[in-house]
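Asks: So the protein sequences, as listed, match chains Z and Y.
Per my numbering, residue 89 is the first one in the first sequence, and the count goes up by one each step.
Per my numbering, residue 901 is the first one in the second sequence, and the count goes up by one each step.
Hints should not be assumed to be uniformly reliable.
Claimed, not checked - To give an idea of the interface, some chain Y residues facing chain Z are shown, with a C-beta separation under 7 angstroms as derived from the structure:
{"no.": "1", "residue": "Gly-920"}
{"no.": "2", "residue": "Ser-934"}
{"no.": "3", "residue": "Leu-937"}
{"no.": "4", "residue": "Val-940"}
{"no.": "5", "residue": "Ala-950"}
{"no.": "6", "residue": "Glu-961"}
{"no.": "7", "residue": "Leu-963"}
If you're looking for bench data, these hints aren't it; they were derived computationally from the structure.
None of these values were measured; they are calculated from a predicted model.
For each residue, glycine too, the CB sits at the ideal point set by N, CA and C.
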Amino acid sequence: MAEEMSAERYFLKYAYPCSLVLVDMGEITDKKRKELEKKLLNNEPIDRTELEEIFTAAFRRLKEIAKEMKKDYWDLEVIKEYFFGEKHNDFIDKQDGMYAEFSPTIRGLCKVHKAEVVEKREDILTVKYGSIARNVFATLVPNVKVGDKVTVHWAFAIEKVD
Amino acid sequence: MRVIFLCLAIPGKIIKIEKGFATIDYSGEQRKASTELVDVEPGDYVIVQAQFVIQKIPEKEALEAIKVWQKR
């Protein structure tokens, strides 16, 4: 990748599956979700304030991590530490906030997993992590190949990782 | 209710499957979802995202999860 991804885009990639959940919950309109999706997929600028208003809990947790790291909560390193550095998973394991009310299978979907792509057909990837093999969408990582490592959040592969 | 969390889902029960689409019951309200990602059959409890069944969930766990959400 030639250029570093913006903090807004990195955040929204990981939060994208949750935007679908928020629509299901009636918390944001599908029109709003589609606007975010369009910005994400078309590389258009993404508004920080809008993300902070929609994903309130994530930013509460990001602010905690930022304080520990003595950095701004919009620092890409802080957001990476949250999603990729497994701080987000730690909050789920600790059953922070609403996670306390989730059943174990749902908490498993909420977590970010590092997985290997073992099969690809059109826009669906079969990924494996631990003893689990699942089918997820390749929407956000159209160019990944069998053998690549990706992160997985809900039913989406989020990014290719080393 | 203002959402203050990032991830959430409620399980539903598959009542029938036709041409790759499951009809899923959520305590009386029904929705359809593609079964392309997961092998499922009627009677299974599942989580749906973006109109796709994305995960099976054990019945006991699903019933408890549904109970929690009904209390809210």
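Asks: Each hint needs a verdict: does it hold in this structure or not?
Replies: Each hint tested on the structure:
Of the supplied interface hints, the one on Gly-920(Y) is violated, with its beta-carbon coming no nearer than about 13 angstroms to a beta-carbon of chain Z, more than 7 angstroms. The interface hint given for Ser-934(Y) is violated, since its Cβ lies 11 angstroms from the closest Cβ of chain Z, which is over the 7 angstroms cut-off. Given hint, Leu-937(Y) at the interface with chain Z, holds; its Cβ is 4 angstroms from that chain's nearest Cβ, closer than 7 angstroms. Taking 7 angstroms as the C-beta cut-off, the interface hint given for Val-940(Y) is violated, the closest approach to chain Z being about 12 angstroms.
With 7 angstroms as the threshold, the beta carbon of Ala-950(Y) comes within range of chain Z, its nearest partner Cβ sitting at about 5 angstroms, so the hint holds. This hint holds: Glu-961(Y) has a C-beta 5 angstroms from the nearest C-beta of chain Z, less than the 7 angstroms allowed. Violation of the interface hint for Leu-963(Y) is found here, the shortest Cβ-Cβ separation to chain Z being roughly 10 angstroms, above the 7 angstroms cut-off.
Hint compliance for this structure: hints 1, 2, 4 and 7 are broken, all remaining hints hold.
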